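Dock chain B with the ligands against the given chain A, drawing on the hints supplied.
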Amino acid sequence: MLQLKNVHKVFNEGQPDERVALAGIDLELKSGDFVTVIGSNGAGKSTLMNVITGVLAPDAGEIWMDGKEVTRLPEFKRSARIGRVFQDPMAGTAASLTIEENLSIAFTRNKTRTLARGVTKKRRAFFRERLAELNLGLENRLTAKVGSLSGGERQALSLLMATLTYPSLLLLDEHTAALDPARAALIAEMTERIVRASRLTTLMVTHNMQQAIALGNRLVMMDAGRIVAAFDEEEKKTLTIEKLLAVFQQMRSAASDRLLLNAFPPGAGLPGQGGE
Amino acid sequence: MFASIFGALESGIIFAIMALGVYLSFRVLDFPDLTVDGSFVTGAGTAAAMITRGLDPILATACGTLAGFIAGCFTGLLHTKGKIHALLSGILMMIALWSINLRIMEDAANIPLLGKHTLMTEMADFAKITGLDASLNAALKAVGLGESLPRTWGILILMLALTLIIKMLNDWFLQTEIGLVLRATGDNKRMSRSFSANTDRLTILGLGLANAWVALSGAIYAQYGGFADIGMGVGMIIVGLASVIIGEALFGTKTIARTTLAVIGGAIIYRIVVTLALRIEFFKPGDLKLITAVIVVLALVVPKAVDNRREKRRRKRRQAPADDRNREAEQRAAT
Ligand SMILES: Nc1ncnc2c1ncn2[C@@H]1O[C@H](COP(=O)(O)OP(=O)(O)OP(=O)(O)O)[C@@H](O)[C@H]1O
Ligand SMILES: [Mg+2]
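Line by line, the protein sequences give chains A and B. For the first sequence, position 224 (counting from the first letter as 1) is numbered 224 according to my numbering, and the numbering increases by one without interruption. For the second sequence, position 292 (counting from the first letter as 1) is numbered 292 according to my numbering, and the numbering increases by one without interruption.
Looking at chain A on its own, in the form it has when it is part of the complex:
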């Protein structure tokens, strides 16, 4: 489904502030895989996402989707088949448009947009049905501007919008990090339900180890632009936070403060505020 072959990305190459963000990533996702990604700040997780979606072009390496090479395909063309939820709840929706208008944009992502009406009666009924599944009462606020929603509501809407057309690939980059613990748990639960129901191939970045272990069928750990550990379906079943930390400590003599800090208060969403 998704294949990354030896992908490299360097920022400010040749300058004093050179940063190697991706140093040879090989990763393959089979259809239906749900892979969680963990790693310290600056490990290259967001860069990996940006290279997959085409926000950034890799310096070397290839990206394949559904058997076609997409390395040089512009972002807007790739995103017809890639759903994304960002860390910032404001980023995934258009605030000045209404809920139904936002959903209509999501609905037409894989179609040719025309001069036909964006929100039709039929579509509105469909949107209402899908919104009702979120249990937030948004189905009664179709014509409310999205800017008037709370962060949690906006993130739930972003998730619905990202998955509305059953994209070939769903990318989640710390999408619960900006929410309070209760909202974060809700969105995480929602994510699992939606991904499972539609069998979406998913790549999810999180700083919450508990979540990384609980969700998905595979787990990869990144550090300094590399995948330093990977756990397949069988291995992941017996994985614990302690084991994960041990692996991490093996990789680095001293584990990142961030990981340690985030590992211990178990419970749902943690206020990770990674720099995008």
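Keep in mind the hints are simulated off the structure, nothing from the lab. Fair warning: this is a prediction, and the values are worked out from it, not measured in the lab. One or more hints might be untrue.
As the list claims (entries may be wrong) - Below, a list of computed lysine to any residue pairs in the SDA-like style, where the Cα atoms sit at most 20 Å apart:
| hint | chain 1 | residue 1 | chain 2 | residue 2 |
| --- | --- | --- | --- | --- |
| 1 | B | Lys-189 | A | Arg-81 |
| 2 | A | Lys-145 | B | Arg-190 |
| 3 | A | Lys-145 | B | Thr-176 |
Stated by the list, open to error - Covered stretches of chain B, as calculated for chain A (at least 3 residues, CB under 8 Å):
| hint | region |
| --- | --- |
| 4 | 177-184 |
| 5 | 187-195 |
By construction, the Cβ of each residue, glycine as well, lies at the ideal position given by its N, Cα and C atoms.
This is chain B with the ligands only, laid out in the frame that chain A set:
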């Protein structure tokens, strides 16, 4: 008095089309587009040059509109493909258009249209033939305003119809699938691209459309005023902005249809205010731009000040009972 208000109404309705264009670029696309000063003249010059050659005024107006569309597209290209700052793209295009407009006007700084067959003469004829003038003037006389009858009602009524048609076209477009992603592009480019929208192309299209309306307004205004002049666009962007800001402040922005109506209202009110101000003995015609600037500043500052006042008063009201309680507590503590 009546005649000058009537004139202000007519020109306000013509400028409203330009203001709708400015609304598209400034508000919908969130793009501060300064092309307007140039594309207004492009529309006027193209139409005037074609009319003096004896071409049909409707065709001439349409060509002026198209020329404005192309100019706007170039501004969009500079910004999206050339990666030039939005303001600078507009300024560059505005400067370039000065020369292009002179070419279009065949090196004449001014093209008079008096005595030519224009859209305005057609509208006036229409009103005369259909008896519109006669019946409306009779009505005016009946209410005692008979001493200063307008030349024709045709321009006012037909222009109002045209402006409303353009407004509805705009409203409709912004609700289509393409219109929705265009709005999203102005709101949140990252989101827009992540939903497979070609934001570059949409920006170019939006700026083209915005400047098409501006040029249409210019083409009509040239025929209304009886000339096209190379300098007639100077400060037009501020007039457009003034209309948008005044309209939004007075009539609200709840929905798109409401906002575009507000913009038209803003354009008309702006025109009337300026006309009335210029009737004051003290002001000279040259003060027009200063008056415009002051009006825009007022429209920007006053609504905010009013909001602040209201907010302060609200807080005070909330504070008052709490203060009373505190004072009581202090007194009790003292005794
Ligand atoms: N646009 C950029 N310009 C320069 N350097 C960048 C840029 N984007 C990322 N980097 C650098 O690349 C490295 C990887 O960053 P990335 O954002 O991918 O990390 P991350 O794993 O997502 O971290 P976090 O957990 O904080 O979100 C970092 O060292 C970062 O400083
Ligand atoms: Mg990140």
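Cross-check of the supplied hints:
1. B:Lys-189 / A:Arg-81: holds, 18 Å
2. A:Lys-145 / B:Arg-190: holds, 18 Å
3. A:Lys-145 / B:Thr-176: Holds - the C-alpha atoms of Thr-176 (chain B) and Lys-145 (chain A) are around 17 Å apart, at most 20 Å.
4. 177-184: Coverage by chain A holds for the region 177-184 of chain B (7 residues, Cβ < 8 Å).
5. 187-195: holds (count 8)
The earlier numbered hints are all upheld by this structure, with none contradicted.
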